[in-house]
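Participant: Each chain, letter by letter, is given below.
Number of protein chains: 2
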Amino acid sequence: MIAKTPRPPYYAVIFTSLKTNEEEGYNETSSLMVELAEQQAGYLGQESARDGVGITVSYWENLDAIKNWKLQTDHLLAQKQGREQWYACYKTRICLVERDYGFEK
Amino acid sequence: MIAKTPRPPYYAVIFTSLKTNEEEGYNETSSLMVELAEQQAGYLGQESARDGVGITVSYWENLDAIKNWKLQTDHLLAQKQGREQWYACYKTRICLVERDYGFEK
Chain E
224 MIAKTPRPPY YAVIFTSLKT NEEEGYNETS SLMVELAEQQ AGYLGQESAR DGVGITVSYW
284 ENLDAIKNWK LQTDHLLAQK QGREQWYACY KTRICLVERD YGFEK
Chain A
224 MIAKTPRPPY YAVIFTSLKT NEEEGYNETS SLMVELAEQQ AGYLGQESAR DGVGITVSYW
284 ENLDAIKNWK LQTDHLLAQK QGREQWYACY KTRICLVERD YGFEK
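Here the protein sequences come in this chain order: E and A. All letters in the first sequence, in the order written, are residues 224 to 328 by our numbering. All letters in the second sequence, in the order written, are residues 224 to 328 by our numbering.
Incorrect hints may have been included.
The list makes no distinction among identical chains, and a pair is therefore deemed to hold if it is satisfied within one copy or across any two copies.
Claimed, not checked - No more than 25 angstroms apart at the CA atoms, straight line, and that leaves these computed lysine-lysine pairs for BS3-like:
(1) K303 to K293
(2) K303 to K227
(3) K242 to K293
(4) K242 to K227
(5) K227 to K328
(6) K328 to K314
(7) K293 to K227
(8) K293 to K328
(9) K303 to K328
If you're looking for bench data, these hints aren't it; they were derived computationally from the structure.
Sequences are here, hints too, so could you generate the full structure?
Facilitator: Laid out in structure tokens, this is it:
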């Protein structure tokens with residue numbers, strides 16, 4: 224779904240990845256990370272799609288919220304497993320959302 | 224693929240969309256827009272994935288480059304067709320990429 228975010232400014236973390244062929248534990252951990260992120264202070268929403276390349280964008284109130292999530296214990300473990308098992312490569316971009324606009328039929 | 228972007232700061236445009244069932248002309252126009260965007264001054268790269276929700280992130284040197292692409296003639300027509308035919312809803316977010324980091328096996 225399209226995340227319902229507040230008026231800018233707020234932050235976006237764009238996480239773009241290519242997976243390895245290793246699937247074991249990936250979906251479970253991925254779902255758990257979404258649940259845990261939702262419980263973090265300053266979390267605003269998330270959008271995710273994969274076909275070949277995977278793109279997950281999470282939205283946050285400020286840089287502190289992003290930093291706290293990056294250092295959350297279960298998430299640290301998942302990041303380590305991600306590098307060891309699930310991801311061939313990834314890029315994370317921390318962005319200030321300055322402006323947004325939308326369309327709905 | 225993961226876009227090869229320069230050191231921050233640069234800009235990202237996150238375009239998140241849900242499609243209608245109307246497919247006619249979508250793939251052709253979509254491919255053409257990627258080709259045309261690549262020819263724009265200030266274009267840095269693009270990442271795209273769809274499963275249900277579609278996420279396309281394009282990267283740009285600055286806000287002027289984004290504005291020029293938004294107003295490019297063929298792109299204006301594609302945006303109009305998008306609203307009339309292909310998209311049930313979308314959200315566009317203009318973001319300043321402040322920091323990035325990556326991982327490669």
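Participant: Does each hint fit the structure? Answer for all of them.
Facilitator: Taking the hints in turn, this is what the structure says about them:
1. For the homomeric pair K303 and K293, the shortest alpha-carbon distance inside one copy (12 angstroms) is at most 25 angstroms, but the shortest distance between copies (39 angstroms) is not.
2. Proximity of K303 and K227 under a CA criterion of 25 angstroms is satisfied inter-copy only: 23 angstroms between copies versus 30 angstroms inside one chain copy.
3. With identical chains, the CA atoms of K242 and K293 are at most 25 angstroms apart within one copy only, with a shortest distance of 20 angstroms there and 32 angstroms across copies.
4. Taking the shortest Cα distances, K242 and K227 sit within 25 angstroms of each other only across copies (17 angstroms), while inside one copy they are farther apart (28 angstroms).
5. With identical chains, the CA atoms of K227 and K328 are at most 25 angstroms apart within one copy only, with a shortest distance of 16 angstroms there and 35 angstroms across copies.
6. Taking the shortest alpha-carbon separations for K328 and K314, only the inter-copy value of 12 angstroms comes in at or below 25 angstroms, while the best intra-copy value is 33 angstroms.
7. Proximity of K293 to K227 under the C-alpha cut-off of 25 angstroms is found in both arrangements, the shortest distances being 22 angstroms within a copy and 23 angstroms between copies.
8. Taking CA atoms no more than 25 angstroms apart as the test, K293 paired with K328 passes between copies only; the shortest distance there is 20 angstroms, against 36 angstroms inside one copy.
9. Only between protomers do K303 and K328 lie at most 25 angstroms apart by alpha-carbon distance; the minimum there is 13 angstroms, versus 42 angstroms within a single protomer.
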